[in-house]
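Taking the numbering used here, the leading residue of the sequence shown gets 728, the next gets one more, and so forth.
Treat the hints loosely; a few may be bogus.
[To be verified] Restricting the straight-line Cα-Cα distance to at most 35 Å, the calculated cross-link-like pairs of lysine-lysine (DSBU-like) are:
#, residue 1, residue 2
1, 942, 909
2, 1171, 934
3, 1171, 1219
4, 1171, 1104
5, 909, 940
6, 814, 934
7, 1034, 1105
8, 940, 845
[What the hints assert, rightly or not] Pair ranges (Cβ atoms, derived):
#, residue 1, residue 2, range
9, 845, 1028, 22 to 28 Å
10, 1226, 988, 35 to 41 Å
11, 1143, 1163, 15 to 21 Å
12, 805, 857, 47 to 53 Å
13, 1218, 906, 47 to 53 Å
14, 1213, 947, 48 to 54 Å
15, 938, 761, 34 to 40 Å
16, 960, 988, 26 to 32 Å
17, 988, 952, 46 to 52 Å
18, 988, 1223, 53 to 59 Å
19, 894, 1031, 28 to 34 Å
20, 1202, 1161, 45 to 51 Å
Don't read these hints as lab results, they were simulated from the structure.
All C-beta atoms in this analysis are idealised placements derived from N, C-alpha and C, irrespective of residue type, glycine included.
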Amino acid sequence: MEDVSNNKRIAKNTLALYARMLFAMFVGLYTSRVVLNTLGAVDFGIYNVVGGVVVLFSFLNSTLAATTQRFMAFEIGRSDDIQPVRKVFSVSMTIHIALGLLIVLLSETVGLWLLETKMTIPPERMNAARIVYQFSIISCFLSIIQVPYDSLLIARERLDVYALFSVGNVLLKLVFVILMTKIGSDKLVFYAFLMMLNGILLRIVSKLYCLSKFKESRYYFEKDFTIYKEIGSFAGWNLSAHAVLVARTQGVNILLNHYCGPILNTARGIGIQVNGTLTQLSGNFQSAVIPQITKLYSVGRVDEMNKLVVRSSKLSYMLIVLLVAPFIVDTEYILTLWLKNVPEYAVLITRFTLAVTLADSLSGTLAHAAYATGRMKKYQIIISSVLSMVFFGSWIALFMGAKPESVYIIEMGLLLVAVLAKLLLLRGMVCFPVTTYLREVVLKGIILSLCSISVAHVVQGLMDASFLRFCMVCFCSILMTSLVGYYVVLNKTERAFIVRWIKDKLPKFKKH
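Build out the structure end to end from the sequences listed, making use of the hints.
Right under this line is the structure:
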C-alpha cells in the first residue's frame, strides 16, 4: 500500500510539473523570440555571455541546492519530527547567505576582470554590458538565498505549489518582456533590470508561502557546528560535479565567445533555450522521483531504491526522446517558424545541443542514487575527472582551429564514458545492477532513439518544408517512440501496470 501511495504521489507531482512545463514551454518560446528580435543578435549574445560570467561563480550555489534537498529529504524520510528538518533548513540558509556574499565578492573582482579583459564585446556596447553585469550579480544573489525554500518544497513533495510558483514566474517574465518592447531606452539594460525585479518578487512570494505552511522554514542561527560539518563535507565533494557542469556550459560559452565571437553565443543561447524547454518534462519527472530515492535509502530499502532508479531512468529517457527526436530532424523549419530570422550557426548548434542531451540523459537518476548514500568522495573525484575534460578538450580543439561543433562531439563522447563510470561506482556503493541498467536503459534507449529519429528523417525527406510536414514528422516520431517504447523498452510488468492504470482511469472519464 505504501508503494502504491508513493507511485500515486510521483504521478501526481509529475502531472503538476508537466502542466507547468507545457505552459512554460509555449510562453518561453514566445518570450525568447520577442527578446531576440527586440535586442538583436549582438545584444542577445552579450546578455548570455555577461550573465554567464556571474553564473561561472554560482556553481557553489548549485552544489548546495542538491545538498540541501538531499539532507531535507533524508530527515523527512527518517521521522516525522520537524526539528531536524528545521535545523537543516537554518544551517542551509546561513550557508547560502554566506555563499551569496562570497559570489558577489568574486563577481566584483575576478568577474569584472574577465568582463573587461577577456570578453569580445563591441566597444559601443561596453557600458551597457557593465550595467547588465551588475543587475546579473543581484539576480544571482537572490537566486542563491531562494534555494532553501525551493529545496523544502521539493523535499516535502509539494511540487504542485512549486509548479504554481514557476507558472507565476513565467507569466511575470512575459509581462516584463512585453513591457520591454514599449520602452524607448536601452532595451538590453532594461531587460536585465526587469529580470532582476522578477527575482525579487519570486523571493518574497516563496518565503511568505513557506513561512505560512512549514514551521521548519522559520530561520534561526544554529550553533551546533556538527551539522555544518556534515553538510559541508557532502557539499565539498559534490562541489566538483557542479564546478565541472559550469565549465561544460558557461566555461565553454566563454571559450566560444573568445574564439568565435558573440554571434556564436547567440546561436548557443538559442540552442540552450530550445533544449531547456524540451527537457523540462524529463527534469520534472526526475524532480518528482528524487525525494523517493533518498527516502527509500534513508530507511534501508536499497533494493527498492535501485529498482526505482532503473525504472525512472528508463521512463525519463523515453520522455526525452518523445520530444527531442522531431526537433533534431526538423530543426531548421522549427527555428524559422519560431524566430523568423534565424542567426548563423543556430540550426547546427541546436541539433548538437539536443544530441548532447540524449547522451547525457542515459545517466537518468544514477547521480541521485549516489547522493542518497552521502558517500561522495570517490564518486565525485572520478566522475568530475572524466567530465572536466569537456572544457579542456574544447579549449584545445578551438585553440587548434577546430570548428565550433567539435566541442559538442567531445562532450557527447565523454558523457557516454561517464555513464559507464557511474554504473561501476554504484555497483560498489549500493550493489547496483549494472547489467540490468545497461540492457534496460542504455541499449534499449539507443534503439529507441535510432528508430524515432530514422522514421522522422524519412518522413522529412518525402515532403517539402511546411507546417504539415512538421506535423507529420512529429506524429510519426511520437508514434514510433510510443510503439518501440511500449513493446521494446518497457518490460511485461511495466506494460501491465500501464494497461491497468488506463483501465482504472477510463470509467472516471466516461462519468464526465
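So, going through the hints one by one against the coordinates:
no.: 1; hint: 942 <-> 909; result: violated, 43 Å
no.: 2; hint: 1171 <-> 934; result: violated, 43 Å
no.: 3; hint: 1171 <-> 1219; result: holds, 14 Å
no.: 4; hint: 1171 <-> 1104; result: holds, 31 Å
no.: 5; hint: 909 <-> 940; result: violated, 39 Å
no.: 6; hint: 814 <-> 934; result: holds, 17 Å
no.: 7; hint: 1034 <-> 1105; result: holds, 23 Å
no.: 8; hint: 940 <-> 845; result: violated, 47 Å
no.: 9; hint: 845 <-> 1028: 22 to 28 Å; result: violated, 50 Å
no.: 10; hint: 1226 <-> 988: 35 to 41 Å; result: violated, 54 Å
no.: 11; hint: 1143 <-> 1163: 15 to 21 Å; result: holds, 18 Å
no.: 12; hint: 805 <-> 857: 47 to 53 Å; result: holds, 49 Å
no.: 13; hint: 1218 <-> 906: 47 to 53 Å; result: holds, 51 Å
no.: 14; hint: 1213 <-> 947: 48 to 54 Å; result: holds, 52 Å
no.: 15; hint: 938 <-> 761: 34 to 40 Å; result: holds, 35 Å
no.: 16; hint: 960 <-> 988: 26 to 32 Å; result: violated, 43 Å
no.: 17; hint: 988 <-> 952: 46 to 52 Å; result: holds, 49 Å
no.: 18; hint: 988 <-> 1223: 53 to 59 Å; result: holds, 55 Å
no.: 19; hint: 894 <-> 1031: 28 to 34 Å; result: holds, 33 Å
no.: 20; hint: 1202 <-> 1161: 45 to 51 Å; result: violated, 37 Å
Hint compliance for this structure: hints 1, 2, 5, 8, 9, 10, 16 and 20 are not met, and every other hint is.
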